[in-house]
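Its first residue numbered 38, the sequence shown is counted upward by one per residue in my numbering.
Source of the hints: derived by calculation from the structure; they are not laboratory data.
The calculated lysine-lysine pairs, modelled on DSS-like cross-linking and capped at a C-alpha distance of 27 Å, are:
| no. | residue 1 | residue 2 |
| --- | --- | --- |
| 1 | Lys182 | Lys209 |
| 2 | Lys109 | Lys301 |
| 3 | Lys109 | Lys321 |
Listed next, with one range per pair, are the computed distances between beta-carbon atoms:
| no. | residue 1 | residue 2 | range |
| --- | --- | --- | --- |
| 4 | Gln105 | Asp214 | 42 to 52 Å |
| 5 | Gln328 | Gln217 | 33 to 43 Å |
| 6 | Gly230 | Lys364 | 37 to 47 Å |
| 7 | Asn369 | Gln325 | 39 to 49 Å |
| 8 | Gln325 | Gly230 | 14 to 24 Å |
| 9 | Asp114 | Lys181 | 45 to 55 Å |
| 10 | Asp114 | Gly188 | 45 to 55 Å |
| 11 | Asp308 | Lys252 | 22 to 32 Å |
| 12 | Ala304 | Pro167 | 17 to 27 Å |
| 13 | Lys152 | Arg309 | 38 to 48 Å |
| 14 | Lys152 | Asp114 | 27 to 37 Å |
For each residue, glycine too, the CB sits at the ideal point set by N, CA and C.
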Amino acid sequence: MTTRRFSRARLPIAALAVALLASGCSLLGGEDGTDGAQQGPGGVEKAKIKVGVLPVVDVAPFYRAIEQGYFKEQGLDVEAQVMASGPASITGVINGDVDIAFASYPAPLLAQSKKLAEFKIVADALSAKPGHLVVVTLKDSTFKKPSDAPGKRIAITGRNSFTDLAPMSVLKNQGVDYNQVKWIEMPLPEMMGALQKGDVDAAVMVEPWVTNSMKKIGAIPVFDGASGPTAEIPMSGYVAIGGQGKFASTSPNTIAAFQRALAKAHAEATDRSKMEPMFVKYAKIDQQTAQLVTISTYSTSLEANRIQRVANLMEEFGVIKGHLDVKTMIPNGSTGK
38 MTTRRFSRAR LPIAALAVAL LASGCSLLGG EDGTDGAQQG PGGVEKAKIK VGVLPVVDVA
98 PFYRAIEQGY FKEQGLDVEA QVMASGPASI TGVINGDVDI AFASYPAPLL AQSKKLAEFK
158 IVADALSAKP GHLVVVTLKD STFKKPSDAP GKRIAITGRN SFTDLAPMSV LKNQGVDYNQ
218 VKWIEMPLPE MMGALQKGDV DAAVMVEPWV TNSMKKIGAI PVFDGASGPT AEIPMSGYVA
278 IGGQGKFAST SPNTIAAFQR ALAKAHAEAT DRSKMEPMFV KYAKIDQQTA QLVTISTYST
338 SLEANRIQRV ANLMEEFGVI KGHLDVKTMI PNGSTGK
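From just these sequences and the hints, can you work out the full model?
So this is what it looks like as structure tokens:
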């Protein structure tokens with residue numbers, strides 16, 4: 038992430054930190070980078086854009102769009118900036134270090150509900166398939182089924198993130214008291230070690246950590262976090278900042294071009310031969326693991342009613358106070374069913 042400083046007024050850092058830490062996601066960063074309403078090559082307002090991404094399997098189609106020239110076909114020169122965390126990614130897009138940021142939905146939805154910035158969802162990314170978001174444990178654990186959860190210590194990446202909201206929803210649906218679970222926050226890379234040392238009884242993992250834990254420490258699934266009420270729930274997307282003079286408001290043609298290029302790559306995501314090289318190169322996982330990782334469903338359209346499920350889930354568990362209408366976060370001209 039760039040270290041340059043900006044003189045423009047920034048979002049109060051304390052308020053941002055509270056919202057993002059509560060979401061369990063990390064930030065993004067940078068200037069809004071708009072060039073006004075003038076159109077450049079290919080009819081876009083801004084041809085060169087920066088996109089903040091995380092080193093995860095979720096962004097494999099995005100990298101394929103770069104490597105195959107899909108963005109260039111749309112008149113865009115896209116520069117990927119790898120961010121340290123989800124909150125770093127969100128912070129980056131608010132401050133203008135990047136024009137668009139990849140993010141797990143709880144972070145921008147929570148920030149939007151708190152009016153920390155005017156977020157616009159410019160593209161949907163993936164929805165969880167069975168095997169993508171899983172509560173795992175060791176073979177000799179007494180945690181055998183969802184009803185065993187009360188009293189157990191379960192590792193999550195952070196409170197008010199998908200790693201606790203999705204399992205809580207599944208447990209609630211099965212009549213299990215999720216309030217009796219001891220949720221323990223830690224980074225995903227530390228969860229395998231915590232399981233082996235007995236510091237936790239289970240861990241909520243996402244790919245490729247689900248596959249890695251099964252391969253390396255013989256972890257077994259207890260239940261799928263994306264099942265029942267959370268089956269195929271949208272997990273992540275690409276967001277920008279709207280409002281006067283901001284990228285999402287001044288660059289509708291650029292956003293439309295980005296959407297078309299990304300949708301082309303998302304349509305190829307069912308072909309493992311096209312995704313696995315991206316896993317190895319950009320998510321830094323070995324070839325054997327790449328062949329086993331669950332590939333989730335990548336969206337080729339932007340539908341507010343699907344993403345509304347995430348906002349409703351956050352409202353159900355009190356993360357968002359009141360009601361958040363996701364349709365207000367869809368840029369003008371984008372599909373927002």
